[in-house]
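*Asks:* We have chain A already, so just place chain B on it with the hints.
Protein sequences appear in the order of chains A and B. All residue numbers for the first sequence refer to the working numbering, where the first residue is 662 and numbers rise by one. All residue numbers for the second sequence refer to the working numbering, where the first residue is 179 and numbers rise by one.
None of these hints come from the bench; they were simulated from the model. As the structure is a computational prediction, the values presented were derived from the model and not from experiment. Ideal placement from N, C-alpha and C gives every residue a C-beta, glycine not left out. Honestly, I wouldn't trust all of these hints.
Unchecked claim - Every beta carbon over 10 Å from chain A, so not counted as near; a handful from chain B, in silico:
no.: 1; residue: Ala-249
no.: 2; residue: Asp-253
no.: 3; residue: Arg-277
no.: 4; residue: Arg-279
no.: 5; residue: Lys-310
no.: 6; residue: Gly-322
no.: 7; residue: Asp-339
no.: 8; residue: Asp-347
no.: 9; residue: Phe-426
To be verified - With the C-beta cut set under 7 Å, the calculated list includes, among others, these residues of chain B facing chain A:
no.: 10; residue: Val-280
no.: 11; residue: Gly-296
no.: 12; residue: Ala-297
no.: 13; residue: Trp-302
no.: 14; residue: Arg-317
no.: 15; residue: Ala-318
no.: 16; residue: Val-333
no.: 17; residue: Lys-336
no.: 18; residue: Gly-351
no.: 19; residue: Lys-387
This is what each chain is made of:
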Amino acid sequence: MSGAIVALSGWLETLAGDAEPWASYARYLPRIVDGLWLTLELIVVSGLIGLALAVPIALARVARAPALWMPAYGYIFFFRGTPLLVQIFLVYYGLSQFETLRAAGWLWDEVLSKPYWCAIIAFSLNTAAYTAELLRGAMLAVPRGEIEAAQSLGLTRADQLRRVILPRAFGIILPAYGNEVILMLKGSALASTITLLDLMGATRSVIARTYMSMEFFLLAGVLYLLIAALFIGLFRILERILNAHRHAPRRAAAPRP
Amino acid sequence: MKKLRTFSIALIVAGAAALALPAHAQKLRIATEGAYAPFNFVDASGKLQGFDVDIANALCEKMKVECEIVAQDWDGIIPGLQARRYDAIVASMSITAERERVVAFTKPYYSNVLAFIGAKDKPWATDASGQKKTLGAQRATIAGQYLEDKLGKTVNVKLYDTQDNAYLDLVAGRLDGMVSDKFPAYDWLQTEAGRNFEFKGADIDIDDKIAIAVRRQDKELRERLNAAIDAIVADGTYQAINARYFPFPIY
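Only chain A is shown next, with the shape it has when bound in the complex (with noise of 0.2 Å):
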């Protein structure tokens, strides 16, 4: 994969000539993808993992027990009410501070002494709370009249959330998680902070070389563009085949005969 970006890179670079930004951007070619792929893990894997840490978080929200809710409303609290920033450098710089934590063998040589993990634990704690927040909304709009019919089913509590109010809660908060995972993507730039060469550190770090930064900043700017427009589509994919009903096609009745 990388040898033959290699390859194109060095080809589009001939092709380019001496023409700027052209052969720049030819020469730096593999550093923008590589970045570009951290970018694309760092948002699925945090994605992922902030989503799963939300169905708990959510279903603690809702509940009438001071112990669950509490916790829950602290913690979404915090990570809605603070900046993505502060949360990453409390994570990468801010741990590293405790000589004990240094000594805890695994869980610091090979996690938090790694930037990348650290990035991931940060963004998926951030998601999760805008992710928990969303999914109690959404649970609490489910309609009355389904929550009835399932009670009147004899379903247990738990099998009404399993079979009725989650997958009517995730069905509603699809569009709303799909701009989520939009505001995900622009917040991983940050990732760069702390050393990682995501699109925006390898970016950055082209700049730091050849002082284009119009040039790379757009180039950036596009192919985070991109990456938007590849969500936006997935997630109108996604619309389709999960809120099906929502979307009856719109085809001419047939003439009765």
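*Replies:* Showing chain B alone in chain A's frame:
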């Protein structure tokens, strides 16, 4: 009608005078980074301090202009100059061919060497396990480029937004070592955080001259700064500032 015309002529003359005036009486705006102790840093009261700031002030005094020194992140320091947010950069900037394509440099006001830093209790030579070492440096600096160009194949390279963040990771153990400009590192090694670290191996002389950057078209400002640098070296102001920060000459 006539009155109106007289008035508008007066207004135009006044406007033209106002435009012409700044050429000499204008404030000179100088950018520095503020995160590169002891050359430029923000002190406890929030003021910019350091060798660069002292030199900038001494030069302004020699040129008899009022100066305003502003802090600017390193990444955006050259674009900010081009955008006319300030007129000169006195921020320990090395003269490089790449930078010379976009800015003009004055004569050097000190020379820089690079050095490796590592923990005192760890041997520096390549370890037996054959595991790659992780070395850090600040992004968009000579040290960062040296690390990428000369050692990029043999070590893991990590680049930081600021020198301070790289020190944090060195102390945290995420880095086995750093490549840094020697003089600011000397300053850091004297601090509480840096006391377990030391210079490793030989200095790396990279013929690195530090100068003031101005816009390429501002030839007159460049000449005035050159004359002022000569003047402060000749009258001992420079040596007095040097002694405030280092026990050895750095010119």
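*Asks:* Is the interface hint satisfied for Trp-302 of chain B? The criterion is a beta-carbon contact with chain A at less than 7 Å.
*Replies:* At 20 Å from the nearest chain A Cβ, Trp-302 of chain B fails the 7 Å test, so the hint is violated.
*Asks:* Confirm or reject the statement that Asp-339 of chain B sits farther than 10 Å, beta carbon to beta carbon, from all of chain A.
*Replies:* Violated: least Cβ distance 6 Å, not greater than 10 Å.
*Asks:* Verify this label for me: Asp-347 of chain B is non-interface relative to chain A, using a Cβ-Cβ cutoff of 10 Å.
*Replies:* Since the minimum Cβ distance to chain A is about 7 Å, Asp-347 of chain B lies within 10 Å and the statement is violated.
*Asks:* Is the Cβ of Asp-253 of chain B farther than 10 Å from every Cβ of chain A?
*Replies:* Per Cβ check, Asp-253 of chain B is inside 10 Å of chain A; nearest 6 Å; violated.
*Asks:* Regarding the assertion that Ala-249 of chain B does not contact chain A, is the least Cβ-Cβ distance greater than 10 Å?
*Replies:* It holds; Ala-249 of chain B is separated from chain A by about 18 Å at its closest Cβ, greater than 10 Å.
*Asks:* Does the nearest C-beta of chain A fall within a distance shorter than 7 Å of the C-beta of Ala-297 of chain B?
*Replies:* 13 Å, violated
*Asks:* Since Arg-279 of chain B was said not to touch the interface, does its Cβ keep a gap of more than 10 Å from each Cβ of chain A?
*Replies:* Nearest chain A Cβ is 7 Å from Arg-279 of chain B, so the label is violated.
*Asks:* At 10 Å, judged by beta carbons, does Gly-322 of chain B keep clear of chain A as stated?
*Replies:* 7 Å, violated
*Asks:* Go through the hint on Gly-351 of chain B and say holds or violated, using the shortest Cβ distance to chain A against 7 Å.
*Replies:* 6 Å, holds
*Asks:* Would you check whether Lys-336 of chain B satisfies its interface hint, that is, whether its CB is within less than 7 Å of any CB in chain A?
*Replies:* 5 Å, holds
*Asks:* Holds or violated: Lys-387 of chain B as interface residue toward chain A, Cβ cutoff 7 Å?
*Replies:* Given a least distance of 19 Å, the restraint on Lys-387 of chain B is violated.
*Asks:* So, as I understand it, the hint says Ala-318 of chain B touches chain A; can you test that by seeing if any CB pair is closer than 7 Å?
*Replies:* Hint on Ala-318 of chain B: holds, closest Cβ of chain A at ~3 Å, below 7 Å.
This entry does not satisfy hints 2, 3, 4, 6, 7, 8, 11, 12, 13, 16 and 19, going by the numbered hints stated previously.
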